[in-house]
Amino acid sequence: MALLQISEPGQSTAPHQHRFAAGIDLGTTNSLVAMLRSGEAVCLADAQGRALLPSIVHFGEEGTLVGVDAAAVQASDPLNSIASVKRLMGRGSEDVMRLADALPYELITSGESSVPRIRTRSGDFSAVEISAEILRALVERAQQTVGAELDGVVITVPAYFDDAQRQATRDAARLAGVKLLRLLNEPTAAAVAYGLDQDKDGLIAVYDLGGGTFDISLLRLHRGVFEVLSTGGDSSLGGDDMDHAIGEWIVARAGFDQVDASLARHILMASRAAKEALSNGQSAQIVIEGSQHSWSGTLARTEFNGLVEGLIAKTLTACRRALRDAGVKREDIDEVILVGGSTRVPLVQSMVAEFFARKPMCELDPDQVVALGAAIQADILVGNKPDSDMLLLDVLPLSLGIETMGGLSEKIVPRNTVIPVARAQEFTTFKDGQTAMSIHVVQGERELVSDCRSLARFELRGFPPMTAGAARIRVTYQVDADGLLSVSAQEVASGVSAEIVVKPSYGLTDTEIETMLRASTEHAREDIELRMLKEQQVEARRVIEALDAAFAQDGDDLLSAEERAGIVRQRDALEANLESASTADLKRMIRAVEAASEFYVARRMNRGVQQALAGKQIDEVDV
Amino acid sequence: MRRELYRLNHSSSSMQSPDLSQNYFELFGLPVAFDIDRERLRTALRQLQASFHPDRHVNGSDRDRRMSVQVASWINEAHETLQDPVKRSRYLLEISGAEIVDDSATTSDAGFLMEQIELREEIESCREDKDGLQRSQQVADRLQRRADQLTNEFVSCFAAGNLAEAMQISHKMQFIQRIQQQLDELQFDLEGR
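If you read the sequences in order, they're chains X and G.
Under this note's numbering, the residue at position 208 of the first sequence is numbered 263, and the numbers go up by one with no gaps.
Under this note's numbering, the residue at position 66 of the second sequence is numbered 282, and the numbers go up by one with no gaps.
Just chain G, with the same shape it has in the complex (with noise of 0.2 Å):
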């Protein structure tokens, strides 16, 4: 996949709050990318907190402690949004300056809205079936072949600069990613019966 380098002028004039300079991705010393290294991602965490976690700072004074908590829980939520592709790709556009729009227009896309329906009915006839685990895995790979596809169309749109559209392949990624947790919710109920 093509990895896309994107330097985004941030102003770093902003002090009050000590780390509005830095977008989430610098914070963990990545390039702002959609194309993640995640084992990289993991080991700047585990830095960062070595260094902001409150238990560093047990015994220091009341500021200190109230401060650590409050950048240790900006630093968790900076690696939340990246590590997950659907925050991460809305957090992308945000920063790029894309407009935020609802998923309207998504919701009223003909194609897609009858693409989800026939999944969800398909998720739930496995739930009577009794090869409902096997079939199941069939339909999980197939989401996760669609997610894939839907990826790699955001990451071209983002790179053309064509950020509305990436906005609309967004929250598509955001539709299957929630009937991915469906299926998934569904695969756990069948495997204990």
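Isolated chain X, as found in the complex (with noise of 0.2 Å):
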């Protein structure tokens, strides 16, 4: 429908009705849900009062488990039972290769598919429908704990997730059959679990060390609207890096020699008890008991501190990275938010205090605080606080670019943007009667292609022959709010508009996600095309009732009795049949209804933007 509907916030038309959306931390490790109840987030337990979700998904003779259940016979069934499986998220078989000798599966990267899969003893499955059993798991605990189904979750990935890890996770959401209100950056999400879009305006750092992953991103808040200035962060930097580092000191004091896969799972799990129990204590004892090897000692925290200075170090040249892209100095900046269990290590407060000269918040549990600050946005998102000013104005964490001559990236939309937002960039043919041209679409910041990641690749064909140079391709790049990209391209110069084929480097293809949506357990008793039917029925109605509000709102100062009387009989078409059409008239008629109102939106936008500003502008432009 073509029909932006235009509302202050405060003068929401709808009549007020509870809707239940829920915020999912989708971790690496651990999952959690949260919800808001009795006005306040809290994380949602299962019945035995756990609220995390181990990520862990096995499949087993008599079903699929997920969690805990998972968890307790991955032990006993290592290959069916698939942990981790956000690190394959939005991944090619060539990663994936890489990761293979860390990941105890067998792995499937030939065939049809650019996505690799795990074979199971239930079939071969890709990251993305795992993923979605996690999500199924968490959904469902939210439903059964308030009794009613999800109208929509926001689900939160860290900010330097570039846009095929993005676009798994929604294919992810899309599986698990729940409506995606948001991907949420999980600083962002932290960020709004503290709050602080009640406080006073100001410059907020969020400085998350996580199992694997770094991410500093700063915000800015102004009235209740945040604006994330940067981002930036290390992909492979975290507290695995912390027990690796008290691991080569154990193997160096116990004068290990030989250090096969067992020993060095023991000595792993050492030294994170080790890290763990001097977040507290000034020292740690360590024993190892091998079957060749043994060895104890004591850790002591300035022992322990030496050995990670170095990293925490690497993570505050990040942030000085950050404060330059987002122009800000640190003594600007007003607040420090501390996510992720890393954080819990007293070096890495001190440090990151003393760099911004300022206590850190960490009065939250900074394992679950991302879920939090999903659950209060989900709540704004699906509706339940049509008051609230709270906006969020994110930026692309990554480089978009273009596969130029020599194998060079050339970037359309640099990092730091802020989304959502489009660009063009023209580009022209170097052969004579050259009537097809390949488009690569890439991620990152280097230089040369081969060190990009490689999103997409086009053909633009049956452009008339021209001479070189002559021709004029324009390549648009859409990034919504979520930082998902889309790309279209198009002949200038020829005015022909060209056929484009888009095969995604390392996504499901929207025939695979269908083919799962049919297979899949869950949706194969129901019929799609029913459900089709139904979700069609839902958005004419939306458009009749988009139309109406509208027309309510401003039909008699915007359009002719003429004018109205034209869009008045396409809407009245729609209302007649909307029981009765099929799933493609439905379509059909709701495109007829869009294409008569055309004018009229365009109109209505025109208005909105005035009143936009004129609304507020007389008691805000002078402060």
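Derived from the structure by calculation, the hints contain no laboratory data.
Heads up, some of the hints might be wrong.
These stretches of chain G come out as covered by chain X in the derived footprint (C-beta under 8 Å, 3 or more residues) [stated by the list, open to error]:
(1) 277-288
(2) 291-299
(3) 309-317
(4) 323-329
(5) 346-358
Heads up, the beta-carbon is just placed ideally off N, CA and C, and yes, glycines get one too.
Hints in hand, dock the two standalone chains.
This is the structure:
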């Protein structure tokens, strides 16, 4: 429906009706779901009172297990217990092969699809399908807690996630059959969780050190609007590196000459335990008892600090870069928030405090804070707080480019550009008579395409032959509020629109998702056709409601009687056939209403722009 | 600095796309001029996004959601253009009907070329210098004075209706901006060492 509804905050036209929405932190090791309960965000626990859901899916003889139950059988049936699947999201066969040593699964990388799959006794599954299982378990928990269907969820992703990883997360939500309101960056969610939007205006730094990744985000808060000024970090730096540093220290101290896989696991577990003990104590006892090797010793906190100082210093370099990208100085930062389990390490807290010259906020559980923020945002997005002024203006985390001659990436949308954004660039042919052009979309900061992530390949075909350099190929990148990209291309000089074939480099195609939807046990029982018809009927009702609301608001001002009658004719036809028409006919009729009301929408939009400014400018303009 | 107001006659007949009737200045309720009130620009951005951002239309119809992405993108693009002095100068010329020419005249201006080479060499020499950071700050100050000077020249040229020359100055502003970015990169490296 071509009718953008413009409503001032606090002037919602629809009668208020409570909707249920949840925030989901889909983590590498653990996942959480949170909701607003009596006005406060809380993480929902299972029947045993556990909030953390281990991100593990087990495919057993008697069905699929998720979470704690899957973790319980992981040791006895490792090949069918899939963990850490987040690391495979949006990744291609090559990346996955690189991880293959660390993963005990049988990976299938051949076949038609560009997406690798994991072989289990129940079949071959992509990371998206396995994530969908985890999502289903979390949604189920939420629905049982509130005793109602969820109207939507917000899922958090690391700020550093590229387009392929975000697309994969969105696909997982689609497969799980849950409406995705928004993909939210984890650090942004943390800032929301601290309720800083209720607070005074200022600059906020979110320092997020997890098990395997580090993210820094700088946000500006002004009258309830969060602007992400910049994000940065290191996608392979985290608490695991601290464990490894301790592990190497143990190996050196103990003088182990050969470390096999079993001993390495022992050492790493002991290292992690020592690190956790050192969060409160001044020293930690370490005992290694292997079949061949054993050792015991004491690690003092000062010694531990020496081991990890370099790692933490690296995170501070990323902080400096983020400050520079945002064009702010460290003394301008008003609040620093700590997120992620690794921020429990005292040296992290003190070095961050020293760097920003202020005590960081760490009152909320650093493991839960992201899910809590997501829940608050979900509640607002779903429409439960029509009076809320809160708005998140986010930026693109990684530059989007296109491959040009010589294997170089030309940036079309630079990182830290405010999204949503649309950018177009023109390219030309280099051969006489050339009638096709292949377009390679990449993401990343490096100059060489081979150092960037490949997102998609396009072919633009069928434009008329011209001399070299005469064709004008206009490539448009559109990034939505979730940071997801869509690309279109057109030859401008001839005015001929050309055909585009999209091959996502590491993503599932729509056909693949369709097939999965049909195949998934959840939907097999349902009639897919009926479901699509229902969806289209809902859409048709939305279209009619939006139009009626608009007529009531300004139909008399903006339309002549004749113009209005033209729109009403199409609207009435849609309404009259709403229950009886087929899916295809409903689609066609909706399009007819859209076409008939196009000019009306344009007028409303122009008026809306004026009103958005005029409504508040009198009292706000001279602040 | 003088504040020049230029009312531009823009056709408001085009209705296919909702926003073509407004230029970026009008969109933000700002006078069409090079000097802008940054605080007002930022406030207007938030006000517009409060109405049009996709997060405000999550429960809308498919078309509403698609459109909100387009409109919010357009608003962001307008903001990006106006908040950057070089882009703003180019945009002003564009909507004033100036002929858009490439920067070949600027790159063949021998004096300006020499100035640039000199600046680049000076920046590079700071890298090896132990007092490089301090020296680079002097270069930064000099660059800023140069940028301010060009801005003044642009404003008076534009006011006098000398659009062709204003275009050349806009190109020069862009060159200086690039050198400033290069220096910024260097200073970041120097601070870290």
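Note to self: Let me make sure I understand: some of the numbered hints might not hold for this structure. Which ones are they, in numerical order?
What the structure shows: Hint check: 3, 4 and 5 fail, others pass.
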